Structure formats: structure tokens, C-alpha cells
Amino acid sequence: MNEISDSSRPSGPPHAQTLRDGRVVRIRDIAPSDRSAERAFIEGLSDESRRHRFLAQLKSPDDKLLDSLVNIDARREAALVAVVSYEGTERIVGAARFSMASPDAVDGECAVVVADDWQDQGLGTALVRDLAERARARGLRRMYSMDLAGNADMRELASHLGFRARVDPGDASLIIHELVL
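To convert, count from 1 in the sequence shown and add 1212; that's our numbering.
No wet-lab data here; the hints were simulated from the structure. In this text the structure is predicted, and so the values were computed from the model without any measurement. It cannot be assumed that every hint is accurate.
Computed spacing ranges between beta-carbons, pair by pair [said to hold, decoys possible]:
#1 D1328 to G1351: 33 to 41 Å
#2 E1302 to D1332: 17 to 25 Å
#3 Y1298 to E1390: 30 to 38 Å
Computed list of lysine to any residue pairs in SDA-like fashion (alpha-carbon distance at most 25 Å, straight line) [what the hints assert, rightly or not]:
#4 K1271 to M1358
#5 K1276 to R1251
#6 K1276 to R1262
#7 K1271 to Q1331
#8 K1276 to R1303
#9 K1271 to L1257
For glycine and all other residues, C-beta sits at the position ideal for the given N, C-alpha and C.
With the hints as extra help, turn the sequences into a complete structure.
Okay, here's the thing in C-alpha cells:
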């Protein structure tokens, strides 16, 4: 049995996820209306978390990056956010996505990031599991992520979920985590 499977969780429509510490998030598809929440989420990440997610240092996403994150091409991409209600609005506390080179591709690059104060509670695991279900439903056979070699949190998460790791042959500072779906 594939380690990433968990048939007890719903997939597809928005659903609640209880974390290890008892907090509850709602996992749903990202939408264009999430633009300002996505900006706030990225800006609220620590420098290290932003560097691990984007493989570069950035303080704030520019308009082009925000557009690419919230305007999903459903033929090639899927993106999920974990949200909580905060002062009458939804606050994004985690995000995961995959992107395929073309609609008929059999593999896709994935990424996940969790707000620093929500890490180590199982949220990254829940997001990647949901994302893998979406990828399988689309016919993908493999998901992979490109991560900095020093990203111990991603190394631990990927190992926990059954991804295999290898050094990027073109850049030894990067690790490729691969999951056969």
C-alpha cells in the first residue's frame, strides 16, 4: 500500500482537518479572491520558510507571482489552501499545489508551505495527501518537488509520505523528492 494513502479523509470538496494540537483548518481550492490573503500569507512566513518555498529570498510577492498562485489553469494545475477564520475573514495558514508541463503530462511538480506557527501539527501531511489524491484523479503517475538540500523539514515530510530523494544532477544544492502515485 502506498504510504500517502488515507481513505478516511474526504477529497475534492472543502473539508475540515483537525491537527495534532486540536486546531481545525478548512482545506479547499485556492481562488482568485484569495489574492490579498495569499499575499499576507507569504509576507507572514519567516525568511527561511519563504526561501524554502520559493528557492530564493523574497519579502513580498509581486503581482505576476500572485497572479500565478491564485489564477489556476485547471487543465494543468491544482492548488489547495488551509484556512482558518480570523477576525471575520479567512486567513491562509498552508498551501500546496502541483503543476504539469501540459494537460496530458503524467508527472507534475509540487510544492507545500505551512505558516511557521502552524508547522509540526500534521498540516503539511494533510495538504500533500489531498494534493496527491487530486494528482491521481488527474492521471498523474508521479509528483516531484525541488527543494534546497538543507531543508530538513521537507526532507522529513517527504520521507514520512513515501517520497524518494535524490540529488539534482544539475545542482547539488537541490534535492528532488519523487513520489510514484
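Numbers of unmet hints, in rising order: none
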